[in-house]
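In order, the protein sequence lines correspond to chains A and B.
So for the first sequence, this note's numbering puts the first residue at -16; every next one is plus one.
So for the second sequence, this note's numbering puts the first residue at 890; every next one is plus one.
Calculated directly from the structure, the hints in this document are not laboratory data.
Beta carbons: idealized from backbone N, C-alpha and C, even for Gly.
Errors might be hidden in some of the hints.
Below, a list of computed lysine to aspartate or glutamate pairs in the EDC-like style, where the Cα atoms sit at most 16 Å apart [what the hints assert, rightly or not]: (1) Lys1021/B x Asp994/B; (2) Lys1002/B x Asp4/A; (3) Lys901/B x Asp4/A; (4) Lys903/B x Asp99/A.
Covered stretches of chain A, going by a simulated chain B footprint (3 or more residues, C-beta under 8 Å) [said to hold, decoys possible]: (5) 51 to 57; (6) 76 to 90; (7) 98 to 108; (8) 138 to 148; (9) 174 to 184.
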Amino acid sequence: MGKKDMDMMESGARVKLGVSDVIIRGFGYVFITLYAVCCIVPFIIIISTSFTDQAVIRTQGAQLIPKQFTLQAYEMVCGSGSIWWSYLLTIVLTVAGTTLGLSIIAMTGYALQRRDFPFRNAISFYIYFTTLFSAGLAPYYLLMVQTYHLKDNYLAVLLPLMMSSWLIILMKNFVKAIPHEITESGKIDGAGDFKIFVSLILPMLKPALATIGLFLALGYWNEWYQSSLFLSSKVEVKPLQYTLYEVVNKIDALKNSVAGQYINLTDVPQDSVKMANAVLATGPIVFLYPFVQKYFISGITVGAVKG
Amino acid sequence: MKRKSDLTFFQKVKRSRTLLLMCTPAVLFFFAFNYMPLPGIWVAFVKYNYRDGIFGSRFVGLDNFKFLASSGKLLSLTKNTILYNLAFILLGNFLAVFVAIMGIDGEMMEAAKVDGANGFQRIRYIILPSLKPTIVILLLFALGGIVKGNFGLFYNIVGSNSILYTTTDIIETYVYRATMTDFNFSTASAVGLYQSVIGFVIVMVVNWVVKRIEPDYALF
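When you get a sec, could you build the whole thing from the sequences and use the hints?
Okay, structure coming up:
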């Protein structure tokens, strides 16, 4: 929020409020408070459950404050060691994919809004068309597995998430906000198109890079779909979220299996293990928000304009 | 210097070669992952088997679609997908509307306040009209995606609990199971193609209608 807005809000607060303002503000505060509570309570329950003893969960359900504090679930999850490899894999995928995707999206977005680029409309339509009509899952799966041979290959996770037509359109709208005269001035000084892009345009695109970079990074961090399609049990280390998904499934399967009836499963901290996994898998990406938040609101607004 | 329209195709390519090169990675990407699968749609019209592949398997015409339609599967999947989407449209667009309100010029609100408009009047005459384009475009997107379900939600919550399928199975989950569990690529592709075509037609029709009423709001 800019300083001007802050000043405006302060002066607005000092003005005597009319009846309608009081009603609207009252309604707003109540609504926003309820909404915030609805968003935050599940998080608290997840964190608290991950620290709670299984016996307490079984008899009294999930708690807002852990009744019997224990680190058992975290010991179980971290003890196996495999989660750290998943962490490493997800971090590598996120960094590599976001960097590559962001550079390609920025280049394409810039080229596609240059008015003197004759193939602008043709290529824009070529990219936009993919949102209108797609082949569907089965042909895509067959292509990836039989033609590209990407089964059990990390590239099957890295490549498809690198860009989307929506992100390119978003980037195009960001670049549009930069005056065309900047490109012109670069041309007059004798710079080539790529030089103009790197030295003049890219530094002005920071909000765009932050916004789209965050979308990409979140996409990679939360990835589980491509992994579930293409990474079979032959692959030992899988991306973080899919590892979490498998842990949850394994516990459920064990519970429902014949063996589950003979083993005393009450000793296995199943619920807290699930929640500990969720905490470990969500945790780090949350710290990315503060760094990009200042760019974020302006970023989404630009995306609201069609292009 | 010649006018742009007088240039031949080759000259255009030559003059804009840097910009073309900058677009090349993206063009290749969409070709590899979005256009290459298109010929594979053929699998919806054959009885697929591994040995013969997509184009060697026996051609059965519209049999895959007929089977899905006559068993009532197609109808129930479509119904579930659309009804759940309608329920989620309101929830999902909350953030976008919020951001659009943040973007409204504060000075306009100040001016209205100075002119003596009360809170409800400011909502009625400034906020709602300013939100109109955003809401129309969001609705257009939502309508365009009305047959595209939220796979992650339904797959992770319902899982493989087949008792619930009649009320919770959406197109995405059905296609996923048909592909990954049953390896029934022909049926999966038939449902997927049906979904793509319906989605495409809806977008086209809605866009055409919007264009006639308010050309500024049309998507293309």
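Here is what the structure says about each hint:
no.: 1; hint: Lys1021/B x Asp994/B; verdict: 15 Å, holds
no.: 2; hint: Lys1002/B x Asp4/A; verdict: 11 Å, holds
no.: 3; hint: Lys901/B x Asp4/A; verdict: 60 Å, violated
no.: 4; hint: Lys903/B x Asp99/A; verdict: 13 Å, holds
no.: 5; hint: 51 to 57; verdict: violated (count 0)
no.: 6; hint: 76 to 90; verdict: holds (count 3)
no.: 7; hint: 98 to 108; verdict: holds (count 5)
no.: 8; hint: 138 to 148; verdict: holds (count 5)
no.: 9; hint: 174 to 184; verdict: holds (count 4)
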